[in-house]
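Got chain E sorted already, so can you dock chains F and P onto it with the hints?
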Amino acid sequence: MNQVLAVIGCATVLLAVGMWLSLPRGRAWGRSLGWVLVAASVGLLASQVPLVGDWASASVFFVLAAVTVLAAVATVTFRSPVYAAIWFGLSLLGTAGLFLFQGAQFLGVATVVVYAGAILVTFLFVLMLAQPKGQAPCDQTSWAAPLSALTGALVVGILTLTVVSVFQNPTMENRPRAALELTVLENEILAEQHVAHLGAQLFSKHLVAVEVAGTLLLVALVGTVAIVSQIRRPDEWRGQSHG
Amino acid sequence: MDELTLLENYLIVGALLFGIGLVGFFSRRNMIVMFLSAEMMLQGVSVSLVAWGRYHNDWGGQMLVIFILTVAACEAAIALAVVLTLFHKKGSLDIAIWQQLREENQPLYVESQMLQLPAEPEAHWPRLTPAGVEPEPDLEEVTHRTHL
Amino acid sequence: MPMTGAIPTLLILIPALPLAASIVTAVFGRGALKHNSHVPTVAALVAAFVASLVLLAQVRSQSESESSMVGWETTVDLWNWVTIDNAIDTPAAAHAAVPAGVDGLLPATLPFRIDVTLRADGLTAIMLSMVTFVSSLVAIYASGYMHGDRGYWRFFSYIGLFVFSMVMLVSVSNFVLLYVFWEAVGLCSYLLIGFWYERPEAAAAAKKAFLVNRVGDFGFALGLFLIWTTYGTLNFHDAGGIAGVLGQTRLASPELYVGGGVATAICLLLMLGACGKSAQFPLHVWLPDAMEGPTPVSALIHAATMVTAGVYMVTRCTPLFMLSHDAQMVVAVIGCVTVGIGAVIAMTQTDLKRVLAYSTISQLGYMFLGLGVATLGGITAGMFHLFTHAFFKALLFLGAGSVMHAMGGVVDMRRFGGLRRLMPTTHWTFLFGCLALAGVVPFAGFWSKDAILAAVYEKAAHDGLFYWLYWAALAAAFLTAVYTFRAFFLTFYGVARVPHEAGDHAHESPPSMTVPLVILAVCALGVGAWFEWTGSFADLLQRTPSLAYKTVALVPAEHVAGSHTLVAAVSTAVALAGVGLAAFLYLGDPSQVLAIRRMLMPLYWLSYGKLFFDPIYNVLVVWPLWMLARLSYWFDRVVIDGLVNWVGRLPLGIAGGLRSLQTGLVQFYALAMIWGVIVLVITLLIWPAVAANWK
Numbered sequence: 281m282n283q284v285l286a287v288i289g290c291a292t293v294l295l296a297v298g299m300w301l302s303l304p305r306g307r308a309w310g311r312s313l314g315w316v317l318v319a320a321s322v323g324l325l326a327s328q329v330p331l332v333g334d335w336a337s338a339s340v341f342f343v344l345a346a347v348t349v350l351a352a353v354a355t356v357t358f359r360s361p362v363y364a365a366i367w368f369g370l371s372l373l374g375t376a377g378l379f380l381f382q383g384a385q386f387l388g389v390a391t392v393v394v395y396a397g398a399i400l401v402t403f404l405f406v407l408m409l410a411q412p413k414g415q416a417p418c419d420q421t422s423w424a425a426p427l428s429a430l431t432g433a434l435v436v437g438i439l440t441l442t443v444v445s446v447f448q449n450p451t452m453e454n455r456p457r458a459a460l461e462l463t464v465l466e467n468e469i470l471a472e473q474h475v476a477h478l479g480a481q482l483f484s485k486h487l488v489a490v491e492v493a494g495t496l497l498l499v500a501l502v503g504t505v506a507i508v509s510q511i512r513r514p515d516e517w518r519g520q521s522h523g
Numbered sequence: 004m005d006e007l008t009l010l011e012n013y014l015i016v017g018a019l020l021f022g023i024g025l026v027g028f029f030s031r032r033n034m035i036v037m038f039l040s041a042e043m044m045l046q047g048v049s050v051s052l053v054a055w056g057r058y059h060n061d062w063g064g065q066m067l068v069i070f071i072l073t074v075a076a077c078e079a080a081i082a083l084a085v086v087l088t089l090f091h092k093k094g095s096l097d098i099a100i101w102q103q104l105r106e107e108n109q110p111l112y113v114e115s116q117m118l119q120l121p122a123e124p125e126a127h128w129p130r131l132t133p134a135g136v137e138p139e140p141d142l143e144e145v146t147h148r149t150h151l
Numbered sequence: 130m131p132m133t134g135a136i137p138t139l140l141i142l143i144p145a146l147p148l149a150a151s152i153v154t155a156v157f158g159r160g161a162l163k164h165n166s167h168v169p170t171v172a173a174l175v176a177a178f179v180a181s182l183v184l185l186a187q188v189r190s191q192s193e194s195e196s197s198m199v200g201w202e203t204t205v206d207l208w209n210w211v212t213i214d215n216a217i218d219t220p221a222a223a224h225a226a227v228p229a230g231v232d233g234l235l236p237a238t239l240p241f242r243i244d245v246t247l248r249a250d251g252l253t254a255i256m257l258s259m260v261t262f263v264s265s266l267v268a269i270y271a272s273g274y275m276h277g278d279r280g281y282w283r284f285f286s287y288i289g290l291f292v293f294s295m296v297m298l299v300s301v302s303n304f305v306l307l308y309v310f311w312e313a314v315g316l317c318s319y320l321l322i323g324f325w326y327e328r329p330e331a332a333a334a335a336k337k338a339f340l341v342n343r344v345g346d347f348g349f350a351l352g353l354f355l356i357w358t359t360y361g362t363l364n365f366h367d368a369g370g371i372a373g374v375l376g377q378t379r380l381a382s383p384e385l386y387v388g389g390g391v392a393t394a395i396c397l398l399l400m401l402g403a404c405g406k407s408a409q410f411p412l413h414v415w416l417p418d419a420m421e422g423p424t425p426v427s428a429l430i431h432a433a434t435m436v437t438a439g440v441y442m443v444t445r446c447t448p449l450f451m452l453s454h455d456a457q458m459v460v461a462v463i464g465c466v467t468v469g470i471g472a473v474i475a476m477t478q479t480d481l482k483r484v485l486a487y488s489t490i491s492q493l494g495y496m497f498l499g500l501g502v503a504t505l506g507g508i509t510a511g512m513f514h515l516f517t518h519a520f521f522k523a524l525l526f527l528g529a530g531s532v533m534h535a536m537g538g539v540v541d542m543r544r545f546g547g548l549r550r551l552m553p554t555t556h557w558t559f560l561f562g563c564l565a566l567a568g569v570v571p572f573a574g575f576w577s578k579d580a581i582l583a584a585v586y587e588k589a590a591h592d593g594l595f596y597w598l599y600w601a602a603l604a605a606a607f608l609t610a611v612y613t614f615r616a617f618f619l620t621f622y623g624v625a626r627v628p629h630e631a632g633d634h635a636h637e638s639p640p641s642m643t644v645p646l647v648i649l650a651v652c653a654l655g656v657g658a659w660f661e662w663t664g665s666f667a668d669l670l671q672r673t674p675s676l677a678y679k680t681v682a683l684v685p686a687e688h689v690a691g692s693h694t695l696v697a698a699v700s701t702a703v704a705l706a707g708v709g710l711a712a713f714l715y716l717g718d719p720s721q722v723l724a725i726r727r728m729l730m731p732l733y734w735l736s737y738g739k740l741f742f743d744p745i746y747n748v749l750v751v752w753p754l755w756m757l758a759r760l761s762y763w764f765d766r767v768v769i770d771g772l773v774n775w776v777g778r779l780p781l782g783i784a785g786g787l788r789s790l791q792t793g794l795v796q797f798y799a800l801a802m803i804w805g806v807i808v809l810v811i812t813l814l815i816w817p818a819v820a821a822n823w824k
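For the protein sequence lines, the chains are E, F and P, in the order given.
The first sequence begins at 281 in the working numbering and counts up one residue at a time.
The second sequence begins at 4 in the working numbering and counts up one residue at a time.
The third sequence begins at 130 in the working numbering and counts up one residue at a time.
Just chain E, with the same shape it has in the complex (with noise of 0.2 Å):
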């Protein structure tokens, strides 16, 4: 136990500093440095954890988790936003994944057509609209980066700890239950009818929730049209940012 506690303290530690390392800082040294520190503490975490299966599908799994966990990190380290918004594209591809890889597969399908094909997407169109030239002075510096970092990796380390040591320590007695069966699973989740399926779910149970859903984006919808008819001079912004 003290060992889990230890290597995850050191992950903590590493993590921090490589995130604080990477950050964009002005002109100062060490984002090569971070960027391994990063994926040592990466690394520690991984090595806690058991095998996901056999070595063909814990390759694939530690591939898309690595993807997923490193394009996050350079989405908030690189400096240009534009490029944080490619990194964050890449991210989700791996995050879509790893929902696959877990027999949800329209949510894989979701996520990559709804956030990186159309919020991803809204983000760029701002960014191109809002700052053409790509990178601004306040992308160069960041806001107490070591205490942000420092924030991070510790909110990190608690999680990691909490579920280590949860399902690792067989004499804990509040240890989650799996199933007994795994009937939605085997006959649904990962039937070849998987769509057909969550649709059923989702129009019976949840038919409300989407309704309200529904409405929610309606809204959304009309506010933002409220919001954005305010501004009434673009000639004065645009003006602005290229002067």
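The hints are simulated quantities; they were obtained by calculation from the structure and are not laboratory data.
Treat the hints with care, as some may be off.
Examples of chain F residues lying across from chain E (beta carbon under 10 Å, computed) [claimed, not checked]:
(1) Y13
(2) F21
(3) L104
Heads up, the beta-carbon is just placed ideally off N, CA and C, and yes, glycines get one too.
Same frame as chain E, now just chains F and P:
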């Protein structure tokens, strides 16, 4: 495939995504990047939810993620609208500008870090060499409208 | 006591009419009535006067049917205002109006009851007639005098309210109600002195009058408390099985009165109240300043009616004053001192209205001197002087108002003169008033003042102190004649001069002002002689129960006051000498006056400085209070407020610390939130787990 191991791995990935998003949200000053980081935190949660759903042999996790997607779309729309409005007011995406919303007479918290870095050297975009001959303007077309 | 005929109706009608007029004028005056605002008040007052005359006739016929040894009174119960059962342990002096067959068993406790009860007897009827008569004339006069004033309607509304209060003051039959209306007339006085409230002098004078009256009223209130604890009732008349303080039961058996120190204390406290209201030494200082009010107000309130409330009250309480020889002495001495003070100060004042104001103080002093004699003749004479003084002093004030009206508001006698051709009516009527005030035969003032002097002189046979008082009063009578005619000659004789403020309206006043003057002048001439010869005034007054029961140690006067030929001759001679001296000084060479002034410089200086009462009071009373107030202010500001501010600054300081958390940076807020979560998770989840592992 051991369901417990799967859950454990996914939870750690989710935690990492969440924590990294947190770091980005805290430290980055570009509002767009901050939102990207917030979306990344949502991704971390989504990964965890799907894993839990599978572990409990239930559709619930996936359903919740679907709604998270929906809400994220709404949030992105509104957030971007707000960002555009803020940008319009100040001409910059820097969140630190909006420190003016702080309490009166309070010092600027990050004044020392708001250093104006020397401008990056102007990027040299490739230029296409003009080729061929410039076509003669078609007089008929140019003066077409005057004939009407 | 049977309620007889129209008396209840009249008693209600007399106060109701002015009150109704006041309300109507207050509500409609500004909008509907405007320049006709005087109509309701004048109509109501004249009607009230007629009602008072009818009441007077009724009371007179009723009184004469009763034995003059018992007197006659009747009461009208309107409603019960307050009832508190078991309010006081029955005092020894409380005595039930014993019904036949029950041998005076008293309950252990008595209720505190205030019944709104009006009474009619000789004293009340006389006061009612006098008040309504003078107020009617003054209201008519004011309709001319106040014409065009911005607050025309306000003035008449106040006047109606005042007459209501004054009428109630003299007709209620309970000490508490007396006190209520005592304060009500004080309020009206305050309102009317400060009528032109834009003028700082008027506002200050109103405040001064109110505050000085507070001193007296405080004593009056203490006196009432003492009466309550001594007798267990505050009613004048017998009511509810309890003998009233001045009721027939108690009067019939004087052993029911409490004598000794308690009686003296009660009387002195009541006298303090009377001093405040009637401007007696040492509380006389407010009356001269009260002349800042409109002149009709000076005539009505500060000469004829309100200031005599103290005299009325003391007369009403004669049975109580009879119990204490010391109190009688105090009343007489205060009266005499005031007579002297008023006369001396009036000698040198240059403001016409102030001369009259000090003269009023002086004449009120005569009344108290008469009351202090405490014989039937003395009290009757005091009331008689109140009665005649109301007419001729109102006349003098209205005459002065007429002069002011013509002179564009100037009252300084040095700035005008020789007005007798310009204002003949005012001149003649003012002369009548002056003759009455100076006490020249056969004018009203002669009879009443002479009656007082005669009573004092008679009393001197029993009590040596009264010799001194007599000579002092006689000397003051001489001064009275001098200062009265000094004012008269300075105003109406000599070189004709008119101040520039008068503009082009330096002429005789309109008929609405001169007619009341003429009526009052006739009264000033005739009213004294008429009532003296017929004796009806003294007769009616002495049938008031308070005065009728001779059992209350009231020394019976063998001679009706005023019949003393020697005294009459001396005072006439003195008055004529005074008039002659005034004529010699002020109709002749002005250098004589200057020479005399130089000769008597210290006296002149004292008199002109009003004996320096105001500066002395400033040093003795106002300044210490001011310092105390400053100290309290300082204490309040520094200590109390400081404490409160300190307490108030505490959260401000805490908030000031927390304010620095509001950096306006959204990441900072998010960071704080996450740290909160981290701390919570560590303390709630991680730390217990780690601790459990270590065990």
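Hint numbers the structure violates, sorted upward? Result: hint 3 breaks, nothing else.
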